[in-house]
Amino acid sequence: MLPYPILSICLALMWMLLNSFSLGHLLLGATVAIFSGWALASLRPDKPKLKKWYLLPKLFGLVFVDVIRSNIAVSWVLLQGKRRKDTSGFVLVPLKIEDPTALAVMAVILTATPGSAWLEYDSGDKTVLIHVLDLIDKEAWIANIKQRYEALLMEIFA
Amino acid sequence: MSAIILFTAVSIAQLLLAVAMLIASMRIFVGPRAQDRIISLDTLYISAMLLLVTFSIGTGRTVYFEAALVIGLLGFVATLALAKFLMRGEVIE
Amino acid sequence: MTEQVLDLPLWAAIAVAIFLVLGALLTLIGTIGFLRLPTFYERLHAPTLGTSGGVGAILLASIIYFSVGTGRLVVHEILIGLFVSITTPVTFMLLARAALHRDRAEKDPDVPAKAPAK
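Residue numbers (our numbering), protein chains in the order written: chain A, 1 to 158; chain B, 1 to 93; chain C, 1 to 118.
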């Protein structure tokens with residue numbers, strides 16, 4: 001009946017948000033959600049394995065704090081303009097994560113926080129090329145990524 | 001009192017966003033390369049979307065949200081297609 | 001141009017005003033940096049100010065405004081925020097890869113070469 005229950009529930013909720021709540025919209029939204037679940041099932045994407053889903057709020061909290069912090073840091077860097085020395089650079093980070101969903105989440109997190117951008121993942125030797133705007137200590141950056149995000153993501157998507 | 005505060009804030013925010021859109025479109029002309037122009041297009045539509053949200057706060061109507069959502073959707077698809085074109089269309093021939 | 005339809009208490013008006021101006025300011029700083037930074041890979045970081053902080057602050061202002069003004073929780077904005085925060089990294093990553101690909105094809109010395117396949 002529901003091959004992707006989380007997706008279907010999210011779609012029904014989104015339908016309710018965009019329209020006002022009523023019985024008619026509940027039925028219509030549920031129909032749309034069920035049919036799009038079937039449509040997705042025919043594409044056969046890999047099902048992500050959420051092992052410790054209760055750690056997700058911790059991840060969101062961490063990302064939220066980091067986004068605010070790096071927003072302040074990057075606006076400071078940008079406002080200094082040409083008086084500041086050029087400290088940007090590329091970093092090659094070796095990763096242990098292999099799960100595609102975990103990698104995708106990590107890529108979105110790193111690109112969404114200002115100051116770091118995910119450029120290219122090499123699945124052969126499991127490294128990722130990252131560009132950092134304010135790069136002072138390479139090793140500190142690598143350690144930061146590995147401790148803050150990689151460990152947590154490996155726990156969530158085992 | 002709160003009406004004056006809101007009116008001022010909405011006006012300032014609209015002015016700032018309009019300047020942001022202007023600067024983003026300057027980058028479209030300056031370039032120097034295709035990828036710069038595509039990113040400035042991305043910045044331009046995000047600013048336009050935010051401008052629509054401030055319009056909805058200014059007028060107190062929620063109809064602008066749907067418009068903002070549509071701008072976001074179309075802008076995403078457009079920049080994605082352009083980026084894909086850069087990867088495959090121009091370099092490898 | 002702006003007609004005030006909803007009536008807000010003073011604290012809510014001040015909160016909306018602060019978040020609105022903050023978000024617009026962050027977006028503007030992002031685009032200014034975008035114009036001033038010298039290389040493409042540095043410029044890639046500047047617009048994310050607008051897409052993370054700017055979008056977040058302005059949508060928060062909108063949530064406060066409509067929720068307090070109409071007396072019930074209005075969370076349409078979360079949809080827009082969620083959508084923007086998922087889609088922009090995707091476009092940026094794809095653009096960055098396209099740029100890397102083009103720069104490597106032209107043998108730009110500032111760009112790290114692709115690691116040799118083992």
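For the record, the hints were derived by calculation from the structure and aren't laboratory data. All figures in this text were calculated on a predicted structure; none of them were measured in a lab. Hints may contain errors.
[Said to hold, decoys possible] In silico lysine to aspartate or glutamate, EDC-like type, Cα no more than 20 Å apart, as pairs:
hint : chain 1 : residue 1 : chain 2 : residue 2
1    : A       : 138       : C       : 110
2    : A       : 49        : A       : 120
3    : B       : 84        : C       : 110
4    : B       : 84        : A       : 120
5    : B       : 84        : A       : 98
6    : A       : 138       : A       : 155
7    : A       : 146       : A       : 120
8    : A       : 51        : A       : 122
9    : C       : 107       : A       : 99
10   : B       : 84        : C       : 106
11   : A       : 126       : A       : 99
[Said to hold, decoys possible] Each pair of labels, with its calculated beta carbon distance range:
hint : chain 1 : residue 1 : chain 2 : residue 2 : range
12   : B       : 32        : A       : 3         : 25 to 33 Å
13   : B       : 29        : A       : 5         : 16 to 24 Å
14   : B       : 8         : A       : 147       : 30 to 38 Å
15   : B       : 88        : A       : 56        : 34 to 42 Å
16   : B       : 73        : A       : 69        : 57 to 65 Å
17   : C       : 39        : B       : 29        : 28 to 36 Å
18   : A       : 22        : C       : 78        : 16 to 24 Å
19   : A       : 101       : B       : 1         : 46 to 54 Å
20   : C       : 107       : A       : 54        : 48 to 56 Å
21   : C       : 109       : A       : 21        : 27 to 35 Å
22   : A       : 147       : C       : 78        : 42 to 50 Å
[As the list claims (entries may be wrong)] Computed from the model, here is a short list of chain B residues facing chain C with C-beta under 8 Å:
hint : residue
23   : 1
24   : 16
25   : 28
26   : 31
27   : 36
28   : 45
29   : 46
30   : 47
31   : 48
32   : 54
33   : 57
34   : 63
35   : 70
36   : 74
37   : 86
All residues carry an ideal CB built from backbone N, CA and C; glycine is no exception.
Output the numbers, in ascending order, of every earlier hint that fails for this structure. Those not satisfied are hints 2, 3, 5, 6, 8, 9, 12, 13, 14, 16, 17, 21, 22, 25, 26, 28, 31, 34, 35 and 36.
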